[in-house]
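Asker: Here the protein sequences line up with chains C and H, keeping their order.
When we follow this note's numbering, the leftmost residue of the first sequence carries the number 6, and every step to the right adds one.
When we follow this note's numbering, the leftmost residue of the second sequence carries the number 1468, and every step to the right adds one.
Since the hints were made in silico from the structure, they are not lab data.
Think of the CB as a built atom: it goes at the ideal place given N, C-alpha and C, for glycine as much as any other residue.
Errors might be hidden in some of the hints.
[As the list claims (entries may be wrong)] Computed footprint of chain C on chain H; a stretch qualifies when at least three of its residues, placed anywhere within it, have a C-beta under 8 Å from a C-beta of chain C:
id: 1; stretch: 1685-1695
id: 2; stretch: 1737-1745
[As the list claims (entries may be wrong)] Think about it this way: if two alpha-carbon atoms lie no more than 25 Å apart in a straight line, the pair counts; the simulated SDA-like pairs of lysine to any residue are:
id: 3; chain 1: C; residue 1: K174; chain 2: H; residue 2: R1764
id: 4; chain 1: C; residue 1: K112; chain 2: C; residue 2: P176
id: 5; chain 1: C; residue 1: K112; chain 2: C; residue 2: F123
id: 6; chain 1: C; residue 1: K174; chain 2: H; residue 2: G1747
id: 7; chain 1: C; residue 1: K174; chain 2: C; residue 2: Q120
id: 8; chain 1: C; residue 1: K174; chain 2: C; residue 2: V129
id: 9; chain 1: C; residue 1: K174; chain 2: H; residue 2: R1753
id: 10; chain 1: C; residue 1: K174; chain 2: H; residue 2: G1489
id: 11; chain 1: C; residue 1: K174; chain 2: H; residue 2: P1746
id: 12; chain 1: H; residue 1: K1675; chain 2: C; residue 2: P285
[Unchecked claim] Beta-carbon label-pair distances, calculated as ranges:
id: 13; chain 1: H; residue 1: L1583; chain 2: C; residue 2: Q47; range: 25 to 31 Å
id: 14; chain 1: H; residue 1: P1738; chain 2: C; residue 2: D348; range: 27 to 33 Å
id: 15; chain 1: H; residue 1: L1798; chain 2: C; residue 2: R94; range: 55 to 61 Å
id: 16; chain 1: H; residue 1: T1769; chain 2: C; residue 2: E353; range: 47 to 53 Å
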Amino acid sequence: MNANGSGEQAVNREVVSAAAKRGPLAMEAVSISKDFRLGHGQVLHAVRDVSFALYRGAVVALVGESGSGKSTAARLLAGQERLTAGEIRLDGAPADPSTRRAFRRYKSEVQLVFQDPFSSLNPVHTVRHHLERPVRLHQGSKSRAQVAGEITTLLEQVRLIPADQFTGKYPHELSGGQRQRVSFARALAAKPSVLLADEPVSMLDVSIRLEMLSLLDDLRRRFQLALLYITHDIASARYFADEVLVMYAGEIVERGPAEELTQQPAHPYTQLLVASAPDPDNLGGALRPGAATAPRQPAASATADPGCPFSPRCPLAVDRCRSDDPALLPLSATRAAACWRLDVAAPEVLAAGRGGGP
Amino acid sequence: MTAGARVLDITDFSVNYRTPHGDVHAVSQVNLGLHTGEVVGLAGESGSGKSTLAFAVCRLLRAPALITSGSVTYSGRRVALPTDVLQLGPHELQHLRWREIAIVFQSAMNALNPVLNVRDQITDAIHAHLRMPRRAALDKAASLLDLVGIPRSRLRSYPHELSGGMRQRVMIAMALAADPEIIIMDEPTTALDVVVQRDILAQIVELKESLGFAILFITHDLSLLLELADRIAVMYAGQLMEVGTAAELHHEPAHPYSRGLLNSFPSLHGPRRELAGIPGTPPDLRHPSEGCPFVPRCGYSTDACRTVDMHLERVASSADPEHVTACPFVLPETPDPDRPSPQAEQEFQA
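Bound-form chain C, shown alone (with noise of 0.2 Å):
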């Protein structure tokens, strides 16, 4: 990444995330890094000099389309894939999950939830089975009956109630919603800090979505969980997320409180995104002939090229964007956009960080 920001705005100018204020850091991901080779001699860089931070009773939103490199962030952050630079500090120690027991030590603090309960709980165990293992693992020598009883706690903690007639259950015999509640529960089982939800809701019915969203806050609030929530749908960001981070070819091109940023989203690839989202108010208008659409070429391939990754689908795209990848810059306190044109795409937010930062 280009850090070339002379004569630009003032660099030094530490954005704070919005999440902050919730709670103390829980964790941070400083320039983290991805590389994967893909053979004669490609390397795909899923992650780019990645930072972000989370926050004790916070959720902050990792927002982008498929290959955006998204989930790998996850996968790094929950120590599954080694880095290819970069630092990740749990509690302000740099965290080497390296060795199985500091793998081990490192996974009671930060638990993973997956996509799909279809896949994520094993078809030929009970609910029970899957719940032991981690109160056995996390919690350290407890009694047959303290296992039992702390199962039901759990159960009850993620409202499938009465705990004890889910407990002999196969994940075949639950409903897609009560399975992902046996993932939130398995996660919370190794009573963790930071919880990192990968499109915890992608995979479930709209009316059952907002259960399971009203879930998960209210098991940020009573266990003062970092929450990394990971979505490509902006629209429950907003609703859900006290900071969100926008990916885009393994970069973050916006960051910034949730609720400004979906409305006046800065960056073009944002302001695509947040267009491109259904609009049931605009009964028929966007999708009417002649609307205009983004330009029909893939999403950037995130190899080596030097420029902004959004430049060949960018409207505004100018020969600098094309050679010179721009670094997140300061918009205001808690804002940023890694953007060459942002007097072009957004003046009102400039001029508003200008006049109302500090």
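Could you slot chain H onto chain C? The hints should help.
Answerer: Coordinates of chain H only, in the frame set by chain C:
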């Protein structure tokens, strides 16, 4: 949007799945019409019977699915008399499918043959349904790709070499091969990103405007339908709950389930609304209860709901005689009852 003549008329249509534990009433007594040049959206949760309905209309279901009642009348430009699809023999069905009614399936990943390239898949479909020399079929395949905005250089690509959006476009190109009157789209954009989704939907609308086919668009995403469809049918537990224009459903939804769905998705534009969701889970269709199937999850329900005779009736207060609802008690102007889960709401606002 002006609606043309009726091309498809589904009346009193029921489909059961036979299982050892009793019949599953997947679709019960559905009445729905489709006009030329119209987009009708069929919205419902998984298991509501929306895909079963669409497949059964084309006679694409096999045992243990059984059509137990009703008729499906097709009257296109190219058929002299309205025909009942349910009475057709195998040869006539072959003629009807693809040429008159085409389907775009949900997952293009699985619907395309992984060992055939795009050109061969499209010409295969053309040869199966139209009499056409090889050369002409190749030209047709190329021009179909033009229609959906895929460069001709992709003709020799295999499905795995295409992005998800391109695969879905190939599916749409194939559906257009025989210039059908009706295209049934079963969640065609669900697996795609919002940006690609919007792009493809805009293209579908554009093609529809220029070619004049009708679309039955099946999805669980009501917010999408509000923007795309002319009319929307809301399905729950195998039955239609409400049918009306997109504007009517958006601004004056009558049925409590439609209202629940509308309150279930967060909106990106406009002021923050209160979100409520729908508590509970859909019913077991093996044991249909008396009266309205939505009663256990309904905030308005009374004892009368358990005995009500379920059929669609005109919404009295609506100016449009085609705005119909299955709930005789709740009207668009009925105020919301105490929300089932006010606590969840507060959490969301916090």
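Asker: Each of the hints needs a verdict: does it hold here or not?
Answerer: To see whether the hints hold, each was checked on the structure:
1. 1685-1695: holds (count 8)
2. 1737-1745: With 6 residues closer than 8 Å to chain C, the stretch 1737-1745 of chain H meets the three-residue bar; holds.
3. K174(C) to R1764(H): holds (24 Å)
4. K112(C) to P176(C): holds (24 Å)
5. K112(C) to F123(C): Holds, at roughly 22 Å.
6. K174(C) to G1747(H): Cα-Cα ~19 Å, so holds.
7. K174(C) to Q120(C): Distance ~21 Å between K174(C) and Q120(C) Cα, so the pair holds.
8. K174(C) to V129(C): holds (10 Å)
9. K174(C) to R1753(H): The hint holds at about 20 Å.
10. K174(C) to G1489(H): Distance of about 23 Å is within 25 Å: holds.
11. K174(C) to P1746(H): holds (22 Å)
12. K1675(H) to P285(C): holds (21 Å)
13. L1583(H) to Q47(C): 25 to 31 Å: Distance hint for L1583(H), Q47(C) holds at roughly 28 Å.
14. P1738(H) to D348(C): 27 to 33 Å: holds (29 Å)
15. L1798(H) to R94(C): 55 to 61 Å: The hint (55 to 61 Å, Cβ to Cβ) holds, given that L1798(H) and R94(C) are roughly 58 Å apart.
16. T1769(H) to E353(C): 47 to 53 Å: holds (51 Å)
In the structure shown, no violation is registered for any of the earlier numbered hints.
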